[in-house]
Each structure stands twice: as C-alpha cells, then as structure tokens.
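Residue numbers (UniProt numbering), protein chains in the order written: chain X, 1 to 310; chain G, 1 to 321.
Calculated from the structure, these hints are not laboratory results. Heads up, a few of these hints could be off.
Unchecked claim - Now the stretches of chain G that chain X is said to cover, found in silico as 3 or more residues with beta-carbon under 8 Å:
1. 77-85
2. 252-266
Unchecked claim - Derived, one-sided and incomplete: chain X residues facing chain G with beta-carbon distance under 10 Å:
3. Leu42
4. Thr133
5. Gly145
Values in this document were obtained by computation on a predicted structure and should not be read as measured data. We put the CB at the ideal spot given by N, CA and C, even for glycine.
Each chain is listed here by its residues.
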Amino acid sequence: MSPTEPGAAAPVYDVPGPRTDPAPLRDAAARRPRGLGRGSGLLRSELRTTFLRGRTLVMLAVLAAVPVLVGVAVRFETGGDEGGAGAGPAFIAQVTHNGLFLVFTALAATLPVFLPMAVGVVAGDAIAGEAATGTLRYLLVAPAGRVRLLLVKYATTLAFCLVATLTVAGSALAVGALLFPLGKVTLLSGTTVPLVEGLLRAVAVAVAVAVSLVGVAALGLFVSTLTNSGIAAMATTVGLVITVQILNAVPQLEMIQPYLFSHYWLSFADLLRSPVEWSDLLSNVGLQGLYAAVFGSAAWARFTTRDITV
Amino acid sequence: MGTSTTSEPETVIATRDLTKRFRGGQLAVDRLDLTVPRGSVFGFLGPNGSGKTTTIRMLMGLIEPTSGSTALLGRPMPVEAGRVLPEVGALIEGPALYGFLSGRANLARIDAADPTSEPRTRRARVDTALKRVGLAAAATKKARAYSLGMKQRLGLAAALLKPRSLLVLDEPTNGLDPQGMREIRALIRELAADGTTIFLSSHLLDEIEQVCTHAAVMSQGRLLTQGPVADLAAGARGRLVVTTPDPGEAARVLEVHGVHGITVSGPRVTGHPPAVDPPDLADLNAALVRSGVRVRSFAIEGTSLEEAFVALTGEGFHVSD
Ligand SMILES: Nc1ncnc2c1ncn2[C@@H]1O[C@H](COP(=O)(O)OP(=O)(O)OP(=O)(O)O)[C@@H](O)[C@H]1O
Ligand SMILES: [Mg+2]
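This is chain X alone, in the form it adopts within the complex (with noise of 0.2 Å):
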C-alpha cells in the first residue's frame, strides 16, 4: 500500500492511518490537551458513570428520603420532645414554626451517618472498584495517566459530597414548605432575619456539610489505591468513619480530637448566628484541607508506584 494513502478500513478517525504521516509517532505530545475540550473528557465520562449509576442513584434517593421522614413524623407527632435526630443543635423544636429549619434539622441528622457513609462507598470504590473488574488496566493503556485518573476520581468523588449534600437539603427545603409555613428564621443567637437571608445561609450550611466531607473523601481515595476490591475498600473506608465517630464521642482521647475529620462537623450551627462565628468553621476548613493535602499525596504515592496486576 502507498504511503500517502489513509488505511482504507479506517474512515473515521480523527487523524489519517499510522504510516501517512511523516513524524515519528505523529507527535502525540502536540495533541495533548490545553483547555478543556478533549483532555476533560475522563473527567465528564466519570461524572456521568458515577451520576447515572443505579446504586449512585439509590444513595441519593435514600439521603432525599431522610427529610421527608423526619419531616413527616415532625407534621404528624407535634408535641413531642425534640430527641432523635441527631446531636445537633435543637433545630428540630423550630420546624413547626419555619419550615426552613427542616433544612438545618436533615443537615444534622444525616451529617453523623448517612452522608460520610455515602461518600465513603463513592471514594471506596473510586480505584479499588476498576481495579476489581480490571477496568483499570484498560483506563491506564488508553492512556488516562496515573496521576490524571486519580485527579479525576477525586475531583467526581467531591461533586459527589455536594451533590449528595444538596440533594438532603433540597428535599428538606421541598417538604419543609410543604408541611410547614415558611418565613422570618430567628437565628440561633436570637437575631430575626428575613427569609431570603435564611434561604441563603442555608445554602451556606450546605456547603459548609460539603466541605465537612472532603476528609472523608481523600481518606477512601488512599483507601481505594490499597486494594484490588471495591466491597473492601468501601466497607473500610465506612469502618474507619464510625470508628473516627466513637472516638470523637469519648471523652478521654480529647487531645486526639481535634484532629478527627469529624471534630468540627457541628460548625455549620454558626453560620446561623448573627454575627456568624467563624473560628471553628475555619478550623474545619483547615482540617479538611489537611486531610486532603495528606492522603490525597498518600493516595498519588501508592498509586503511581503501584504494579496493577488485575
């Protein structure tokens, strides 16, 4: 076959057959990605495969559910004490009077359990799971790059937090204006604020719970490099969230807690003062941020070194 003639079985790619064109591998470095475009495909391809996943699906049907529970039982059993949904500061009592503090009240109930747990099944399974059925070999001759495809995972698994934040609060906010009045929000300091105001610092709250999840993120991503099974890595990355819960929870390992992912959790409660009390939210912040900085490097060591032999 002459060498200016394109393999005739290949109509349709995007550059002419191997032996047309003169450069030695055609100068693949050339085509690398600038922008977004075609280097941003791995990242939509794993928004959409984590999104549109059944069980991805399930989870954030039963977060949305949380809300309509606790609100529903609130509507319906009125006059009862305000135990049971969580450690939280007592939203739950004002529920009845502003249907926006069913926001604050699923925030706190779901905070504890439900949300890391969730995020710990996404970041689990985020390496381990395509390692597991050897998808992995399959990405990392494609080439998606090592550190790329962890970049990736990371950056779904953290939409994921939002998402499944944001799913909790948005189906609060839906029943809560359904079943009980909305209006002024008096502030946890006493201050009364109007409704446009509360609608903002709701979203506030929301993404201060995101970015409470960040931690819990990174650490099921180092997780997820460790092993070659998804159920493993998910189940311990949901262990160590309990685990990190209990010893939060006892009083006698106070020095350690202020370096539990958890310890500042509750912070999103001073976004509803007036003026909002920013120390431990930024503690928070910062303590995320650690979390990520240290097993985020931990995850890119073991994950750049590692022999993928699945």
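Given chain X, put chain G with the ligands in place with the hints provided.
Then chain G with the ligands, alone, in the frame of chain X:
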C-alpha cells in the same frame, strides 16, 4: 507490506534483560531480550504460567520491571507512556467491561480516557470499532448481558478505537466460537496488511502458525527462541504417518526415500521426512503404491511449530510451574 516511512523505528518492541520477580518471590520473567520488527505479526508463545501476560503488563507500563528496560515504538517505557500508548491498542488478559454500561458507552469511556482523542469524532470512532468486530447490532445492550465471545469482541474493539502503530493482543481468540476465531484472524491479517505491527500472545500453535510471520517461545519466564516462523519451523517438520495393511514393505520403501526415525506399530508407520532436500510427498506416496503397498491413509501429523516447540521445551505444552 507497506513499510514506507523510514523515520519510524524498525524495532517496535525491544526489551533488554527484562526481569520481573513478584513480591512472593516468583520469578515470572527472566532476563528477556525481545525484538519485534515493525510490520510483523509476532506470535508470543508459551505454556500457561510462562510469563506472557507479565511481559505484556511490563510493556504497557502496568507493572514495574524488577530490572531491565523496555522500549515501545523506539521510546522508553513507562516514562513515555503518555506519548506512546495512544499509538498502541491492547487486549490484556481478557476484556474488562463496565457491566452497567452499554457496549457503546464502554468504548466511549475508554476513548475519553485517552487525552489525545478528539471528542467530536468519538461517536463515529466508537461505531466504526463496533462494526469492525461485528457488534454493531449489540451496541446498546448492557455489557453485563454480553456473552463471553461478545465481551472478547468488545475488548478488541477498544484496542481498535484508533489507527494504531502496534496492537498487543493477549490471547485474542479466547472464548470465541470457530467462526469468531476465523473473523479475528481475518481482522488481524487485514490490520497487518495496513501496516500495523501485531504482537499476539497465544498458546494455540496452529493459530500462531496461521497468522504469524514471526514468533518467540517462552518457557518458565525465559525466552527460548525468537525469529521468523519459517526459520523456527525449519528442521522440525511434522511426522509422516502412513496407515497400511503392508507396514513392513511401507517402512522399507520410506527408508529408501530418506525418511528417518521410522517406527511401526500395527498398521501405522511413522517417520520424519528428511530435513534437507525433502522429497515431494506426492512422489513418496506414488513410490509406495508402485511397490505394491496398499495405502489407507497418508498424512503429515502435528504442526511443524508444535514439533519445534516440543523440541525446544522438551516437555510439551503444559503448565510448568
Ligand atoms: N500478581 C502476581 N503475583 C505473584 N505471581 C504472579 C502474579 N501474576 C503472575 N504471577 C506468576 O508469574 C508467572 C507468569 O504468569 P503469567 O500470567 O505471565 O503467565 P502467562 O504466560 O500469561 O500464562 P497463561 O497462558 O496462563 O495466560 C506464573 O507463575 C504466575 O503464577
Ligand atoms: Mg496470560
């Protein structure tokens, strides 16, 4: 074969002293020096556990060699993986799929993983690859509902998403029905005719013999031999087997015509035709008949590569561990 541009390296795969010792202490690949010339269809032969897949994993940068080096398309691996691998299609130890995605979505994801692939033509590339392996009709089916052979085809399609300089196929016909095997062989020949170098591992000797121009033989992690198939098979021809009610006379006639190593058991007479200046088998048969030998059957048994292989490994074709 179209080998026109001279700036591309003539050696597509080159390993030097490539060695892999797994953490358990298992020496899977032992000082391998492999040279795969451009444009060849290179058969990588060896019994189960001889280190074929481990070698391929090192070639593709999936595992780190314990010592030694590899170069693909003239560039060192794994340092230049990002530049080299878009040029290389691979099927490694069977296909791996996202069961919850359709065949088409599976390919789109692998295509998206390659940062050099153009998103706007992705759909067309995916559909062409599906068509090429005969999966167009099952494109929208969830991959978990694929049969073994369909999965294997989808794995091949992923390797064919782009025009490649090199295809590395680890037992590509595994799980395929005879028709599927023929199709894959035809596909390999077609790709080779386009100038793609194909590195094909297999333990099916006749498969290698049918499609390969070159071959290498592995045993217990070591390379026993490599070179053009014709050279490997030379000197180790198949056995001549004659069945006849006149075995004594047949043996005498065959011996006169240079056949050596003759054994007679009942009506079966076997022997090796001479390696140098071999007689035309038709003439040999005619000579038997002329001498009054009543020939029931007359055939060459065992592929020549199989003979070569048995001669090399000394132990035949089974797991050596
Ligand atoms: N991850 C691993 N850890 C330890 N030993 C391994 C590992 N993978 C492979 N081996 C060993 O290395 C040797 C070579 O295995 P490999 O998979 O390369 O063989 P192969 O030639 O591909 O065999 P087959 O024809 O069965 O596919 C075997 O003895 C195997 O047990
Ligand atoms: Mg193998």
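Right, here's what the structure says about each hint:
1. 77-85: holds (count 5)
2. 252-266: violated (count 0)
3. Leu42: 5 Å, holds
4. Thr133: 6 Å, holds
5. Gly145: This interface hint holds because 6 Å falls under the 10 Å limit.
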